[in-house]
Structures are given as structure tokens and as C-alpha cells.
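Protein chains in written order, with our numbering: chain A, 70 to 216; chain B, 31 to 99.
In case anyone wonders, no lab produced these hints; they're calculated from the structure. Keep in mind that this is a model prediction, so the values were computed, not measured. Every residue gets a Cβ at the ideal spot worked out from N, C-alpha and C, and that includes glycine. Heads up, a few of these hints could be off.
No farther apart than 20 Å at their CA atoms in a straight line, the calculated lysine to aspartate or glutamate pairs in the EDC-like style are these [what the hints assert, rightly or not]:
(1) A:LYS87 x A:GLU146
(2) B:LYS57 x A:ASP170
(3) B:LYS57 x B:ASP68
(4) A:LYS87 x B:ASP68
(5) B:LYS57 x A:GLU174
(6) B:LYS57 x B:GLU94
(7) B:LYS57 x A:ASP195
(8) A:LYS87 x A:GLU129
(9) B:LYS57 x A:GLU187
(10) A:LYS87 x B:GLU37
(11) B:LYS57 x B:ASP73
(12) A:LYS87 x A:GLU208
Label pairs and their computed distance ranges (CB to CB) [unchecked claim]:
(13) B:PRO99 x A:ASP195: 28 to 38 Å
(14) A:GLY185 x B:ASP80: 35 to 45 Å
(15) A:TRP151 x B:ASP68: 16 to 26 Å
(16) B:PRO49 x A:LYS87: 32 to 42 Å
(17) A:ARG113 x B:ARG79: 18 to 28 Å
(18) B:ASP73 x A:ARG150: 39 to 49 Å
Computed, partial: chain A to chain B, Cβ under 10 Å [as the list claims (entries may be wrong)]:
(19) SER104
(20) ILE186
(21) GLY191
(22) SER197
(23) ALA206
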Amino acid sequence: MDQGDINLRNLTYGHLRKLGRAPTADEVAHASGSSVDDVRAGWRRLHDAHALVLNRETIELRMLNPFSAAPSAYRVEAGGRWWYANCAWDAFGIFGALNTDGRLETSCPDCGEAVGIEVRGGRPNDTSLLFHCLVPAREWWNDIVFT
Amino acid sequence: MNLFRSEEHIARWLGDREPGATIPIAKVVELGLAWYADRLHSDWRPHTRDQNQGLLNGLGLVGEFWQLP
């Protein structure tokens, strides 16, 4: 990953924070003074380096980990906004990325019961819940959307 | 990577699938906070594999399941 791609990546994440959603290639191209094709080519290289995740079909952003560009089962309130996370781990990662407390709303995948968790000062208000990671670490990036 | 009410709920959700790893929610909160702490920094640099493995190991997430490629 060269410095140009790191700059593109950091600009893309900066827009996410500013807009409260994943930016389009047009928006990043406008901000960077480069072409949409250049932004998409850079995003492809960043995808291959696991620095972000693109939709397979559209070359639009799918994940700016820990943030999800698509609606998901993990809704997070943090920093005065609601965000989507990719999974439970990433939901708590949003608090880390924004350096703030917040709230996660999701549901148990087995019974469907709603789950709401507040995290204050790095501590969850309900410690009875369990986190299950199905895929071993060596395989996470084989299919990161499934993981 | 999901949150469940209990071990019983995990087992029912897994069905015939091989289980992965189960950890308490407090541990995954620590993991999320540490893993993504620098993700929005304007001077972010990519983590090395060893940096990320160090984060897992530092939280006691050790063993073959948690070994990065």
C-alpha cells in the first residue's frame, strides 16, 4: 500500500465521519481533485489490501471497518449519530474509532429477542451476553462479509 | 460474529455446524475498542500482521483459532 493509497483511504474515512455515511466515488473524487476512475482504481487496490471492502458487483463501498455502508443487524448510536456495524465486534469498534461511549441495538440470532447494550467507559452494562465467532482467524478474509 | 443470550442459544443456532470460539461480551468490547482505536486517525497507517496478533494475544485470545494467517 503506497502513500497515495493511504491518503485516499484516510480521505475516504474522513468523509465517512463527516457525512455519517460512506461517501460515493464522486464525492471522494471531488474532494481529492482526482477522477472517479482513479478513486475506484485506488479503492480496488485498498480492497485487495484489506483496508476497505467493496461490493463485488458495483465497486461501491461495502465496509469501512468497523462501519458498514449497508444496513445491518447492528445499529450503533455513537457520537450523536446512528451507524451500522458489520458485526458485534465491529459495533464495539465504532466506539473505539470514535473514542466515545454509545449504545448497540441488535438481536439474538437464535431467538430473535432484541438486545440493547450501553457501553460507558469501556464497560458494557449487561455482562451476561456471549460473543460467538464462527470462522477461525486464518480464514476471516476468505469471505469477510460472511465472517 | 454475533451476540447471544446464552450457550444454549449458541448451540441451537449452530445446529450441525462446528462451533467456533465463544467469549464474554466484556472481552469483545475490549477487543473492538483496541482493534479499531486508530481507524479514524488522520495519520492512520496499516497494521502489520504481528501488530494485530499482538492485540489478540494481549487480550488472552490465543490458540490456533485466533492465529492470523
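Hints, verified against the model:
This hinted pair checks out: LYS87 of chain A and GLU146 of chain A have alpha carbons roughly 15 Å apart, not beyond 20 Å. For the given pair, LYS57 of chain B sits about 16 Å from ASP170 of chain A by alpha-carbon distance, which is consistent with the 20 Å threshold. Of the pairs offered as hints, the one joining LYS57 of chain B and ASP68 of chain B holds, with about 19 Å between alpha carbons and a cut-off of 20 Å not exceeded. A hinted pair counts as satisfied when its Cα atoms are at most 20 Å apart, and LYS87 of chain A with ASP68 of chain B qualifies at roughly 16 Å.
Restraint check for LYS57 of chain B and GLU174 of chain A: satisfied, since their Cα atoms lie roughly 18 Å apart, inside the 20 Å limit. Restraint check for LYS57 of chain B and GLU94 of chain B: the C-alpha separation of about 18 Å stays at or below 20 Å, so the hint holds. Restraint check: the Cα-Cα separation between LYS57 of chain B and ASP195 of chain A comes to about 12 Å, which is no more than 20 Å; the hinted pair holds. Taking the CA atoms of LYS87 of chain A and GLU129 of chain A, the gap is about 18 Å. The hint holds against a cut of 20 Å.
A hinted pair counts as satisfied when its Cα atoms are at most 20 Å apart, and LYS57 of chain B with GLU187 of chain A qualifies at roughly 15 Å. Proximity of LYS87 of chain A to GLU37 of chain B is assessed by CA-CA distance (about 39 Å); at most 20 Å being required, the pair is judged violated. At most 20 Å may separate the alpha-carbon atoms for a hinted pair to count; LYS57 of chain B and ASP73 of chain B exceed this at roughly 27 Å. Restraint check for LYS87 of chain A and GLU208 of chain A: the C-alpha separation of about 33 Å exceeds 20 Å, so the hint is violated.
The given range of 28 to 38 Å is respected by PRO99 of chain B and ASP195 of chain A, whose C-beta atoms sit roughly 34 Å from each other. Distance hint check for GLY185 of chain A and ASP80 of chain B: the Cβ-Cβ separation is about 36 Å, which falls inside the suggested range of 35 to 45 Å. Between TRP151 of chain A and ASP68 of chain B the beta carbon distance is about 23 Å. The supplied range of 16 to 26 Å therefore holds. One distance hint, 32 to 42 Å for the beta-carbon pair PRO49 of chain B and LYS87 of chain A, holds here, with the actual separation near 41 Å.
The hint said 18 to 28 Å for the Cβ distance between ARG113 of chain A and ARG79 of chain B, and at roughly 22 Å that hint holds. In this structure the hint that ASP73 of chain B and ARG150 of chain A lie 39 to 49 Å apart at CB is violated, the actual value being about 23 Å. For SER104 of chain A, the suggested interface contact is broken, since its CB lies about 24 Å from the closest CB of chain B, more than 10 Å. Hint status for ILE186 of chain A relative to chain B: holds, with the closest Cβ pair at about 7 Å, below 10 Å.
The criterion of a C-beta within 10 Å of any C-beta in chain B is met by GLY191 of chain A, whose closest approach is roughly 6 Å, and the hint holds. Against a cut-off of 10 Å between C-beta atoms, the interface hint on SER197 of chain A holds, since the closest Cβ of chain B lies about 8 Å away. With a least beta-carbon distance of about 5 Å to chain B, the hint placing ALA206 of chain A at the interface is held under the 10 Å criterion.
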